[in-house]
Structures are given as structure tokens and as C-alpha cells.
Amino acid sequence: MQHSILIVEDEKMVREGLVRAFSNTYRMYQASNGREAVDVIKKNSEIRVIVSDLKMPELDGFELLEQVKTTNKKIDVIFVTAFYSIESAVDAIKKGAFEYMTKPVDIKKLEQTIKNAIEGADG
Amino acid sequence: MITRQIMNQKEPDFIDVQPQHSILIVDDDKNIREGLARALSDAFKTYKAANGREAMDIINSNSDIRIVVSDYEMPELNGIELFDMIRNGKTKVGFIFVTGSTSIESAVDAMKKGAFDYMTKPVDLMKLETTIHHAINNTKEMMAH
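In order, the protein sequences belong to chains D and V.
Just so we're aligned, residue 1 is where the first sequence starts under my numbering, counting upward by one.
Just so we're aligned, residue 1 is where the second sequence starts under my numbering, counting upward by one.
If you're looking for bench data, these hints aren't it; they were derived computationally from the structure.
Please read these numbers as outputs of a predicted model, since none were measured by experiment.
Every residue gets a Cβ at the ideal spot worked out from N, C-alpha and C, and that includes glycine.
Mixed in with the good hints, there may be bad ones.
[As the list claims (entries may be wrong)] If the Cβ cut is set under 7 Å, some of the chain D residues that face chain V in the computed set are:
1) 62
2) 86
3) 89
4) 90
5) 93
6) 100
7) 116
[As the list claims (entries may be wrong)] Think about it this way: if two alpha-carbon atoms lie no more than 27 Å apart in a straight line, the pair counts; the simulated DSS-like pairs of lysine-lysine are:
8) 112/V x 74/D
9) 94/D x 112/V
10) 121/V x 94/D
11) 55/D x 90/V
12) 112/V x 95/D
13) 109/D x 113/V
14) 92/V x 112/V
15) 95/D x 109/D
16) 42/D x 73/D
17) 30/V x 94/D
18) 55/D x 113/V
19) 69/D x 109/D
20) 140/V x 95/D
21) 69/D x 45/V
22) 92/V x 109/D
23) 113/V x 48/V
24) 95/D x 48/V
25) 112/V x 55/D
26) 113/V x 94/D
27) 73/D x 103/D
28) 103/D x 121/V
29) 90/V x 45/V
30) 92/V x 45/V
31) 103/D x 112/V
I would like the entire structure built from these sequences, with the hints used as guidance.
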């Protein structure tokens, strides 16, 4: 069975690059900000993992995480951000993010992390 | 006579004082270790260790220790190795990292493993004290369940 994942990223190039990188393995959905992401999740209950940017217009990564954790606890959220700090990384994990990675992201590592999330492994 | 009476009347006040919780400060930098211990000694009973190995010995012989405030990079046994040993043992203590390391990966790793917090140096003492109090309440809840 092919699992579904959602890429949330306001930068088109990065978003489409990630979608392309994983489209052989997963069924891909995409959104360009948190607000769009919430709509996509509502309409597609099979989405299991969200790979999201942090800094985005309309609804940022943390707000998206909060919405996901209050409405659907089964979805794992992996952050991939260029605006990283220890404080936001610690905060993200405290709030229930599955992983917090920095840009430019190592695709192999991200693929393994998505796999871990789907298999329910920790880290 | 009068003096003694006053003293006797005052005595019961001490019964209401909250029991002091014990914490362990682990840092290989003596100045930081002593500084933190001094800063937190009003609020907590503080133990000190210069590395993870020493910390393990102190934890094993002082069961009153509730919280460990530890550096990351240290000789002999570093912070994450100490945390791993504690997690694998029976003792339930809250773990707070206070580190000069700026690695996002080690921060995320520590938090995923269940560290209570991960703070960077120079640490805000007020924030650290508040965090220790939160961690104590958190381990209380953990033990109650």
C-alpha cells in the first residue's frame, strides 16, 4: 500500500523538488502554506506524514503543528527549515513534532525519517 | 525567660517550610559549575559533578536527587551518554541540558529521547530555575501515574 505524505513549503522550487524526490515511493500532496495544508488534510484523511517548512505566510509551521496535534494525532510532522535555532528545535519537539531538520536537507536522511514516522519507529 | 518564650513561639513556623528538592549540576568547567550551584543553592539542595562518570556515582549514592542539570561536551562520560545511562537505569530523574554546543541535531536528539529541556549557554538563571521547578512537578506527575 502506498502511503500519502504532504509537502508544505512556500518556495515553489523547494516544494516541487521534494515532491519529485519522493513521488516514486509515496503518494504526494502539496501545499504552499499552513492554511492550504489544513484544507488538504481535511479533504485527504489518508495523509500520514507532513513535511513542512517553518516560516511561511498565512499559517506558519508551528501553527500548523498545533492544528494537526489537536485535530489528528495520527499525523506526524517533520519540520525542514532554513531559519533554525536550538530554541525553536527544542520547542518543536516539545510540541510533538516528529523531527526537526535543517536546510539544505539531506534527502536520504529525510527519506529515512519519513519511513521511521510511517513505521512508528522513534527517530 | 522572655527571650526563650519568644523563640519557642517562633519555632513552629519552620514546620511549614517546603522540603528542599535536590538537584545535581554537571559541568567540567569549574567556574560554571560553582556559579550555577551558588545561584541555585537558595532554591535547591545542590550536588556537583565534573563529568558524567562522577555524576553517575553521585546519583547512585544520593537517591534524593530529582533533577540533573548537565553540560553536553565533557570528558570521560558526556551529557548524552550520562542521559542514556540514567534512562536505562531505574532512577527517575528529570534531565535538563545546559550547553555551549549549538548543534541542532544534538538538541533534537536529546529532546526526542525525553530530556525535559535543552538550554544554551550563557544560560538565563531565572529561566533555568523556573525550568527546574517545572521539571520537578513533571517527575512528580510521572511517578503518580
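Let me make sure I understand: some of the numbered hints might not hold for this structure. Which ones are they, in numerical order? The structure conflicts with hints 1, 7, 11, 17, 21, 22, 24, although it agrees with all the remaining ones.
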